[in-house]
Amino acid sequence: MTTEDILHETYSALKSNKARTGLTMLGIVIGISSVIAMVAIGNGAKSSIQSSIESIGSNLVVVTPGAQRSFGGPSSGRGNAQTLTVEDGNAIANNVQNVLTTAYIVSSREQITATGTNTNTNVIGTNPNYSVARNIEVDDGTFISDSAVLSASKVAVIGPTARDDLFGVGTQAVGQSIRIKGIQFKIIGITKAKGGSGFSNPDDSIYIPYTTAQRYLSGNKYLNEIDVSATDASSTTQVQTDITNLLIERHKISDPTKADFSTLNQSDIIATASSVTNTFTVLLGAVAGISLVVGGIGIMNMMLTTVTERTREIGLRKAIGAKKRDINIQFLIESVILTFLGGVMGTILGWAISFTVQKLGILETSVTLSSVLLAFGVSAAIGIIFGYYPARRASRLNPIEALRYE
Amino acid sequence: MIEVKNITKTYSQGKDNEFQALKGVSFTVNDGEFVAIMGPSGSGKSTLMHILGCLDTPSSGTYLLDGKDVSKLSDDNLADIRRDNIGFVFQSFNLLPRTTVLRNVTFPLIYAEVNKVERNTRARQALISAGMDEAHFEHMSNQLSGGQIQRVAIARALVNNPTMILADEPTGNLDTKTGEIVLETFRKLNKELSRTIILITHEPDVALHADRTIVVRDGLIISDEKNIK
Numbered sequence: 018m019t020t021e022d023i024l025h026e027t028y029s030a031l032k033s034n035k036a037r038t039g040l041t042m043l044g045i046v047i048g049i050s051s052v053i054a055m056v057a058i059g060n061g062a063k064s065s066i067q068s069s070i071e072s073i074g075s076n077l078v079v080v081t082p083g084a085q086r087s088f089g090g091p092s093s094g095r096g097n098a099q100t101l102t103v104e105d106g107n108a109i110a111n112n113v114q115n116v117l118t119t120a121y122i123v124s125s126r127e128q129i130t131a132t133g134t135n136t137n138t139n140v141i142g143t144n145p146n147y148s149v150a151r152n153i154e155v156d157d158g159t160f161i162s163d164s165a166v167l168s169a170s171k172v173a174v175i176g177p178t179a180r181d182d183l184f185g186v187g188t189q190a191v192g193q194s195i196r197i198k199g200i201q202f203k204i205i206g207i208t209k210a211k212g213g214s215g216f217s218n219p220d221d222s223i224y225i226p227y228t229t230a231q232r233y234l235s236g237n238k239y240l241n242e243i244d245v246s247a248t249d250a251s252s253t254t255q256v257q258t259d260i261t262n263l264l265i266e267r268h269k270i271s272d273p274t275k276a277d278f279s280t281l282n283q284s285d286i287i288a289t290a291s292s293v294t295n296t297f298t299v300l301l302g303a304v305a306g307i308s309l310v311v312g313g314i315g316i317m318n319m320m321l322t323t324v325t326e327r328t329r330e331i332g333l334r335k336a337i338g339a340k341k342r343d344i345n346i347q348f349l350i351e352s353v354i355l356t357f358l359g360g361v362m363g364t365i366l367g368w369a370i371s372f373t374v375q376k377l378g379i380l381e382t383s384v385t386l387s388s389v390l391l392a393f394g395v396s397a398a399i400g401i402i403f404g405y406y407p408a409r410r411a412s413r414l415n416p417i418e419a420l421r422y423e
Numbered sequence: 045m046i047e048v049k050n051i052t053k054t055y056s057q058g059k060d061n062e063f064q065a066l067k068g069v070s071f072t073v074n075d076g077e078f079v080a081i082m083g084p085s086g087s088g089k090s091t092l093m094h095i096l097g098c099l100d101t102p103s104s105g106t107y108l109l110d111g112k113d114v115s116k117l118s119d120d121n122l123a124d125i126r127r128d129n130i131g132f133v134f135q136s137f138n139l140l141p142r143t144t145v146l147r148n149v150t151f152p153l154i155y156a157e158v159n160k161v162e163r164n165t166r167a168r169q170a171l172i173s174a175g176m177d178e179a180h181f182e183h184m185s186n187q188l189s190g191g192q193i194q195r196v197a198i199a200r201a202l203v204n205n206p207t208m209i210l211a212d213e214p215t216g217n218l219d220t221k222t223g224e225i226v227l228e229t230f231r232k233l234n235k236e237l238s239r240t241i242i243l244i245t246h247e248p249d250v251a252l253h254a255d256r257t258i259v260v261r262d263g264l265i266i267s268d269e270k271n272i273k
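Order-wise, the sequence lines are chains A and B. Residue numbering for the first sequence follows the working numbering, starting at 18 and increasing by one per position. Residue numbering for the second sequence follows the working numbering, starting at 45 and increasing by one per position.
Think of the hints as simulated: they come from the structure by calculation, not from any bench. Since we're looking at a predicted model, the values are computed, not measured. The reader is advised that the hints may include incorrect statements.
Beta-carbon label-pair distances, calculated as ranges [stated by the list, open to error]: (1) B/E157 to A/L321: 28 to 36 Å; (2) A/E21 to B/K221: 40 to 48 Å; (3) A/S33 to B/D113: 27 to 35 Å; (4) B/Q187 to A/L24: 18 to 26 Å; (5) B/D128 to A/S29: 40 to 48 Å; (6) B/S104 to A/R37: 16 to 24 Å; (7) A/V311 to B/S56: 53 to 61 Å; (8) A/N34 to B/G190: 22 to 30 Å.
Derived, one-sided and incomplete: chain A residues facing chain B with beta-carbon distance under 7 Å [stated by the list, open to error]: (9) M18; (10) T19; (11) L31; (12) S33; (13) N34; (14) A36; (15) L333; (16) I337; (17) K340; (18) A398; (19) P416; (20) E418; (21) A419.
Derived lysine-lysine pairs resembling DSS-like cross-links, with alpha carbons at most 30 Å apart [said to hold, decoys possible]: (22) A/K63 to A/K32; (23) B/K221 to B/K270; (24) B/K160 to A/K35; (25) A/K238 to A/K198; (26) A/K269 to A/K63; (27) A/K376 to A/K63; (28) A/K341 to B/K221; (29) A/K63 to A/K35; (30) A/K209 to A/K171; (31) B/K112 to B/K221; (32) B/K160 to A/K341; (33) B/K59 to B/K112; (34) A/K171 to A/K203; (35) A/K341 to B/K270; (36) A/K238 to A/K171; (37) A/K341 to B/K232; (38) B/K49 to A/K32; (39) A/K238 to A/K32.
We put the CB at the ideal spot given by N, CA and C, even for glycine.
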């Protein structure tokens, strides 16, 4: 039988029972489209989490007070421990190699009031290096200066979201005043919008000199956090190790596992987040894959029904000269065409779903060529795997019995 | 030419349960003959038909089709013989559904991979020889009457220019009048185109349409003589 004739037979067989063909194909369409959409959403989530981590700053090593977390034992409440000092920060800046900048942070959540409005947000006491370490750009006015830190000035740089909340959208706010804990601060700058992300939204934060924060808000000389920016990504690990060693020495800790501070490397965070999102993508893909297998079983079920229904036809074909191979190929091609068409439609549908998800602004998605190729490969493979048994059964029918079949 | 020599066929269902359907059958059919094989049900005539039609192989004995021993061929080689040397007409029509009359007739040629133009020409000729009206050629097979369906089946049996046409109870599902027409068609094909026709039936009236009748009973030939007209 020539290829053209096989395709002609397949077409007329699939056409003869449109409802069944359509429903069986739907199983594959749903399977393939969910694989494509889920992998696209997973990839999108991965890149969005990565870019939001990267937007925090570049090559950061974050030093926070409190014990290293250990499994099993109770946490000593790292955010509240008071172990990091400005002297520690200076020591890091002066002694550790490959450090670009060191930012000091004294942060707390405060109620902020302006004329007639109020909001509750992060107040971050810091030094000028913060803008470098955390990629903060100033849209209007200036960031906190060294002299403001030295003199513990009551000046504030506010994020655009906080500005919108306190003064109204897009208002000129530089020069106006706000009250933090009842103390009046003068606004000297507005930061550029970075896009809200994560738990502490930089657009909703208020920055003041750390000296001011220590004096008026926390009332002590400790820091909540030191952000160290390494010169490049490859030296973050070295910087992290050096900081740890330096602080262990400075804090006179004999057992490194009982350090009263912890360090976190941004590339570690990215790696962790990537492995989390990868697991997530694999999980989504696996769930979608299960629906693909179910679709494949649907194909097999339909093909077995078809073979039974067409037993006499198979007997006749054999009687007029069809070989085993002819029958086998005919039924195999039928299931492959079925899954292949399902694969094409599923790819289009899956792409449409991820496109819609992106258009609705839920998540950036990316349909990769590899996931499309995988979907096609898998659907063709399903056609062959789940069509093989029914086709073999058809080809092995005894023509005499098949012709007698009622 | 068909030469059957001392053919037996034994079916075994388990060790001690053997059934001998054919117990040594021999006969010869020359080209251009119109032969009826007659016998009641259970006589072994269906088994004989399957062996003659190369759907099955004998347990012993030889079957020469045009001088070639086909009694010990593999399934695929038997399929080739069926495709090239045998035309089947079955009791219950057995046309392919959802397929046009013309395409139904071309099927043996499709499996033989004959090109499209030639197979359509041959199918048309066969349909006309079997007495089909050209108006029905593009109709679907399920739109035809019983008599028409059987003519399409005859055309399909003719199209590969076979050594013989093997008709298994071709009138069994037809009323007497349509049956007569179908038998007339066989008669005509035999006379005008010198086709070899083997007609399997259990009805003496039908067997009388042939030139010679072989009567089978209990797996043996009990008579083989010319019909007196």
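Here's how the hints hold up against the structure:
The hinted window of 28 to 36 Å between B/E157 and A/L321 holds, with their beta carbons roughly 29 Å apart. The beta-carbon spacing between A/E21 and B/K221, approximately 41 Å, falls within the hinted interval of 40 to 48 Å. Between A/S33 and B/D113, the C-beta spacing of about 41 Å breaks the proposed range 27 to 35 Å. For B/Q187 and A/L24, the hinted distance range of 18 to 26 Å is satisfied, since their beta carbons lie about 24 Å from each other.
Between B/D128 and A/S29 the C-beta distance comes to about 25 Å, which lies outside the given range of 40 to 48 Å. Against the hinted window of 16 to 24 Å, the Cβ-Cβ separation of B/S104 and A/R37 comes to about 47 Å, which falls outside the hint. One distance hint, 53 to 61 Å for the beta-carbon pair A/V311 and B/S56, is violated here, with the actual separation near 43 Å. Against the hinted window of 22 to 30 Å, the Cβ-Cβ separation of A/N34 and B/G190 comes to about 25 Å, which satisfies the hint.
The beta carbon of A/M18 is positioned within 7 Å of a beta carbon in chain B (closest approach about 6 Å), and the interface hint is therefore held. With a least beta-carbon distance of about 6 Å to chain B, the hint placing A/T19 at the interface is held under the 7 Å criterion. The criterion of a C-beta within 7 Å of any C-beta in chain B is not met by A/L31, whose closest approach is roughly 11 Å, and the hint is violated. The criterion of a C-beta within 7 Å of any C-beta in chain B is met by A/S33, whose closest approach is roughly 5 Å, and the hint holds.
The criterion of a C-beta within 7 Å of any C-beta in chain B is not met by A/N34, whose closest approach is roughly 9 Å, and the hint is violated. The restraint placing A/A36 at the interface with chain B is violated, with a minimum CB-CB distance near 15 Å, outside the 7 Å limit. A cut of 7 Å between beta carbons decides the hint on A/L333: the least distance to chain B is about 5 Å, and the hint holds. At about 5 Å, the closest approach between the beta carbon of A/I337 and any beta carbon in chain B falls short of 7 Å, and the interface hint on this residue holds.
Proximity of A/K340 to chain B holds as hinted, the smallest CB-CB distance being about 5 Å (cut-off 7 Å). The beta carbon of A/A398 is not positioned within 7 Å of any beta carbon in chain B (closest approach about 28 Å), and the interface hint is therefore violated. Proximity of A/P416 to chain B holds as hinted, the smallest CB-CB distance being about 5 Å (cut-off 7 Å). The beta carbon of A/E418 comes no nearer than 10 Å to any beta carbon in chain B, farther than 7 Å, and the hint placing it at the interface is violated.
Hint on A/A419 is violated. Least Cβ distance to chain B is approximately 10 Å, over the 7 Å limit. Proximity of A/K63 to A/K32 is assessed by CA-CA distance (about 43 Å); at most 30 Å being required, the pair is judged violated. Restraint check for B/K221 and B/K270: the C-alpha separation of about 25 Å stays at or below 30 Å, so the hint holds. Pair hint B/K160 plus A/K35 holds up; C-alpha atoms about 28 Å apart against a cutoff of 30 Å.
Under the criterion of a C-alpha separation no larger than 30 Å, the hint pairing A/K238 with A/K198 is consistent with the structure, at around 18 Å. Distance restraint check for A/K269 and A/K63: the Cα-Cα separation of roughly 41 Å exceeds the 30 Å cut-off, and the hinted pair is therefore not satisfied. At most 30 Å may separate the alpha-carbon atoms for a hinted pair to count; A/K376 and A/K63 meet this at roughly 18 Å. As the CA atoms of A/K341 and B/K221 are separated by approximately 39 Å, the hinted pair breaks the 30 Å bound.
Of the supplied pair hints, the one linking A/K63 and A/K35 is violated, its CA atoms being roughly 41 Å apart against a limit of 30 Å. Pair hint A/K209 plus A/K171 holds up; C-alpha atoms about 21 Å apart against a cutoff of 30 Å. Note on B/K112 and B/K221: the hinted pairing is violated, with a Cα-Cα distance of about 39 Å set against a maximum of 30 Å. Under the criterion of a C-alpha separation no larger than 30 Å, the hint pairing B/K160 with A/K341 is consistent with the structure, at around 23 Å.
A distance of roughly 33 Å separates the Cα atoms of B/K59 and B/K112; the hinted pair therefore is violated under the 30 Å criterion. This hinted pair checks out: A/K171 and A/K203 have alpha carbons roughly 6 Å apart, not beyond 30 Å. Among the hinted pairs, A/K341 with B/K270 is inconsistent with the structure: their alpha-carbon atoms are about 40 Å apart, more than 30 Å. Annotation: proposed proximity of A/K238 to A/K171 holds, straight-line Cα distance about 17 Å (limit 30 Å).
Our distance criterion of 30 Å between C-alpha atoms is broken by A/K341 and B/K232, whose separation comes to about 35 Å. Between the alpha carbons of B/K49 and A/K32 the distance comes to roughly 48 Å, so the proposed pair goes past 30 Å and is violated. With a C-alpha separation of about 81 Å, the suggested pair A/K238 and A/K32 falls outside the 30 Å cut-off, and the hint is violated.
Checked against the numbered hints above, the structure violates hints 3, 5, 6, 7, 11, 13, 14, 18, 20, 21, 22, 26, 28, 29, 31, 33, 35, 37, 38, 39; every other hint is satisfied.
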